[in-house]
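Undergrad: Residue strings, one per chain:
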Amino acid sequence: MNKAQTWEYSPAPESTDHIQLKDRYDLFINGEFVPGVEGRYFDTINPSNEEKIAEVAEAGKADIDKAVSSARKAYDKIWSKMLPKERGKYIFRIARLLQESAREFSVIESMDGGKPIRESRDIDVPLSSAHFFYYAGWADKLEYAFPGRTANPLGVAGQIIPWNFPLLMAAWKLAPALATGNTLVLKPAETTPLTAMKLAEIIQEADLPPGVVNIVNGAGETGKFLVNHGDIDKIAFTGSTEVGKYIMKSVAGSGKKYTLELGGKAANIIFEDAAIDQAVEGIVNAIFFNQGHVCCAGSRLYVQEGVAEEVISKLQKRMESLIVGDPLDKNTDIGAINSKMQLNKIKKYVKLGKDEGGTIYQSSCPLPEKGYWFAPTIFTDVSQSNRIVQEEIFGPVLAIQTFRTVDEVILKANNSPYGLSGGLWTDKGSKIFKVTQDIRAGVIWANTFNKFDPASPFGGYKESGVGSEGGIEGLSGYVNLV
Amino acid sequence: MSKRIDIQKTYKLFIGGKFPRTESGRYIKWTDVKETTVVNICRGSRKDFRNAMVSARGAVSGWSSRTAYNRAQILYRIGEMLEGRKDQFMAELTLQGLSKKQAENEISQSIDRLIYYAGWADKFQQVFSRVNPVSLPYFNFTVPEATGVVAAIAPDDSSLLGLVSIIAPVIAGGNTIVILASESFPLCSITFAEVLHSSDVPDGVVNILTGYRNELIEHFSSHMDVNAIIYCGDNSDDKKLVETNAALNVKHVIHFPNQDWAKNLHQSPYHILKCQETKTTWHPIGV
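From first to last, the protein sequence lines stand for chains A and B.
By our numbering, the letter at position 341 of the first sequence is numbered 704, and the numbering carries on one by one without gaps.
By our numbering, the letter at position 190 of the second sequence is numbered 1320, and the numbering carries on one by one without gaps.
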């Protein structure tokens, strides 16, 4: 008997009637919402139904100048002179206000970005306020983070974040920068500006001194104005390796500091002695979490030969039970692809995978007619040199290979220009320590995957980035040690 | 009776534990301040650098997986060997223009710096590791880990102490290094290679080249297998070139301006951390 046929899930949509959204959002500069100098607006749409949610002011060069100079003024006159413990209290306030508005933020995050409400409600939003809470406490304890040295703030930070975890990435950027005494200009991604604008409202409500946090919207061009601005002391960027390299070149010789969280192509390794059912759940979480829009996604699967058949057949069966659909439905496992552009990129890679000779398997789930959707997809019969094995797809597409020995799989796992994360599944403790040591990546999940916490540093080796965010290490990118 | 003819030293490169001549076959004439001594210094080439990179990469896994205690002992051994060769360095440093007193200081400080980092080799990981109190039922810990191969342009003004101050924290942290010696004062950098050679430092862990900065800096900074690049100096064009080339494969960039390397500021575990990555591991807690 097929349970899926017997037990249908009834729709369980999260209500949207309690959220407060404006039709139009301006730039948040010097503590106020102001229209852009050039008066241009762009639409932000709901990727699950392609409907416009609101329009958002686009920042041009003159707006970036205004934002940076207000950040500089706030740094010189207020924030760098404030007692650290008082600075901390403002950050605690933001954490608390965010907790109180958690439900509203979750709904807006899912509407604007397409991620399942279960994830925005249980992961993105609570982790964001936890991040503010964690770093708030550091503000007056920096001498314990850097023994033997004094940690001074850098000045004004320009921060650019991606669309996959819009609010969480804003929290990762803002919290440590503020705790260490910097002021900042944040640019959210152009497809997901709304929760950052709601965060700006909270920052206003928290009575943070004007200019300490400025939030400007726009696409790559706006980001360039920020990166190349002469009065920025530091760039913090999360996004693609390509843009990360552009930033490194742009700031070369300028004396600006930078931290970069870039792309990934993580190896997820299943050994024969793993708890197979748990490992299969782990594979699903590694690659299908947030539609695979995760820089640390486990997008390369390596299964030891003896269990390959079992793992792949269990994985295919599990994929059939994943619910793809309305992000606001509490039963949904996989939401909408963030944008049409990203959907096209995923389709391009899947075509490439087929052209290169890979065998494709896709979940047979029905996809909604309107909106941007992609079914969970796995490829077998691929090899190290295939582009879908080497390049970051940023979608729900998994490339599966097999291996025989530990040395072989370590070699294969490390055969990548990236080094952000990795995972392994085995019940043997000594093997865990051996493999976690040998994988060249910043975050390793053993018998788990895609776990995050404010106290836990996150950052990449090789072309996956420079510097870490989270934990004590997350403070380092915002201080000069003297 | 005829006067005895001195045997002059041939200054070669130090690559993979061996002392080859430059493959370029080209030499730089180096003359001391009094213009009484002239020696040939290898004009290291791109090919020499690439050979050194192969050695350095090959040595990473062995060196980084040595026990911290063993690395500490080898660093201490380098200090011991340098102590035993003081006279040789005295002669070269004075030839390079230092007074006897200055040369003595430079040597003592170099030895002390090696001993300082020998002491850190088995402690920095302990001091800068953490168990992170995550809000989930997981055991989560963070450790610093060697970045891999470091390419370095050594300080030009401090031929021994500057060189040692760059090499010691890099190798104490488990990295390997290819370093371009001071262009102005190259003699004791190559002699220092002889010290390394007799100190149980595995082949390839330290590679020392001589040559022109302006010929080699491009190759040092653009090589795709370099994990971190250290640039010592104040030339803003060089600095910009290094930072631009670092973008090719997202190298770490570490810059030291010209400075007095004798200052205590230049010995610090934070210098070791500059060539370390941060690795965080998660594991569930449960039955």
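Mixed in with the good hints, there may be bad ones.
Stated by the list, open to error - Derived pair list, reagent style DSS-like, types lysine-lysine, alpha-carbon separation capped at 25 Å: (1) A:Lys608 - B:Lys1369; (2) B:Lys1369 - A:Lys797; (3) B:Lys1148 - B:Lys1133; (4) A:Lys733 - A:Lys710.
As the list claims (entries may be wrong) - Negatives, chain A to chain B, calculated, CB over 12 Å: (5) Lys415; (6) Ala417; (7) Ala569; (8) Ser676; (9) Leu706; (10) Lys708; (11) Thr722; (12) Cys728; (13) Ser748; (14) Arg767; (15) Ser819; (16) Ser839.
Source of the hints: derived by calculation from the structure; they are not laboratory data.
From a predicted model like this one, the values you see are computed outputs, not experimental measurements.
Ideal placement from N, C-alpha and C gives every residue a C-beta, glycine not left out.
Undergrad: Hint by hint, note whether the structure agrees.
TA: Here is how each hint holds up against the structure:
1. A:Lys608 - B:Lys1369: With a Cα-Cα distance of about 17 Å, the restraint between Lys608 of chain A and Lys1369 of chain B holds, given a limit of 25 Å.
2. B:Lys1369 - A:Lys797: violated (39 Å)
3. B:Lys1148 - B:Lys1133: Violated. Lys1148 of chain B to Lys1133 of chain B sits at ~34 Å, over the 25 Å cutoff.
4. A:Lys733 - A:Lys710: The hint holds at about 17 Å.
5. Lys415: holds (37 Å)
6. Ala417: Given that every Cβ of chain B is farther than 12 Å from that of Ala417 of chain A, nearest at about 33 Å, it holds.
7. Ala569: Holds, since 23 Å exceeds 12 Å.
8. Ser676: With a cut-off of 12 Å, Ser676 of chain A remains clear of chain B, as the shortest Cβ separation is near 25 Å.
9. Leu706: Leu706 of chain A clear of chain B: closest Cβ-Cβ about 28 Å, beyond 12 Å.
10. Lys708: holds (22 Å)
11. Thr722: holds (32 Å)
12. Cys728: holds (29 Å)
13. Ser748: Given a closest Cβ separation of 17 Å, the condition holds.
14. Arg767: Holds: least Cβ distance 21 Å, greater than 12 Å.
15. Ser819: violated (5 Å)
16. Ser839: With a cut-off of 12 Å, Ser839 of chain A comes too close to chain B, as the shortest Cβ separation is near 9 Å.
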